[in-house]
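Chemist: Please model the complete structure; the sequences and the hints are all you need to start from.
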Amino acid sequence: RPATLMGTTNPAVTYGGRCVRCGNVHALEPSGAAAAAAEELVSLLEGYGRMDFDVPEEEANPAFSTDYLWTKGPGRMLGVLVAARPSGGSGGSSGSTDSCS
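Just so we're aligned, residue 12 is where the sequence shown starts under this note's numbering, counting upward by one.
Any given hint might turn out to be false.
Here are the in silico distance ranges between beta carbons for each label pair [to be verified]:
1) Asp63 / Gly34: 34 to 42 Å
2) Gly60 / Val31: 38 to 46 Å
3) Glu50 / Gly27: 19 to 27 Å
4) Asn35 / Ala71: 22 to 30 Å
5) Gly28 / Glu69: 41 to 49 Å
6) Phe64 / Val31: 31 to 39 Å
What the hints contain is simulated information worked out from the structure, not anything from laboratory work. Heads up, the beta-carbon is just placed ideally off N, CA and C, and yes, glycines get one too.
Modeler: Below, the structure is given as structure tokens:
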């Protein structure tokens with residue numbers, strides 16, 4: 012089922028490319044867990060105003076300010092990857108829509 016991100020549902024959104032090993036196109040669709048993680052990332056970036064939000068404010072590097080991130084123009088993309096643990100624990104990208112053998 013399509014994920015909702017930033018209030019928008021777009022079932023056509025996929026990420027992928029041609030496999031050099033088998034020649035097929037492998038693609039990932041965003042999962043609900045990935046959309047939730049992306050929403051959380053946006054919230055943290057907006058709240059802290061910087062990308063190094065995991066360090067105390069007095070140690071923050073001005074180069075990691077999000078001021079430039081919110082302006083219009085090319086090169087302003089961040090992403091999240093939600094993965095499953097080998098033990099089968101919490102995670103959650105939906106996985107490949109194709110597999111190569």
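Chemist: Now tell me, hint by hint, if it's right for this structure.
Modeler: Do the hints match the structure? See the list:
no.	hint	verdict
1	Asp63 / Gly34: 34 to 42 Å	holds, 41 Å
2	Gly60 / Val31: 38 to 46 Å	holds, 40 Å
3	Glu50 / Gly27: 19 to 27 Å	holds, 22 Å
4	Asn35 / Ala71: 22 to 30 Å	violated, 44 Å
5	Gly28 / Glu69: 41 to 49 Å	holds, 42 Å
6	Phe64 / Val31: 31 to 39 Å	holds, 36 Å
In summary, the structure is inconsistent with hint 4 from the numbered list given earlier, while agreeing with all the others.
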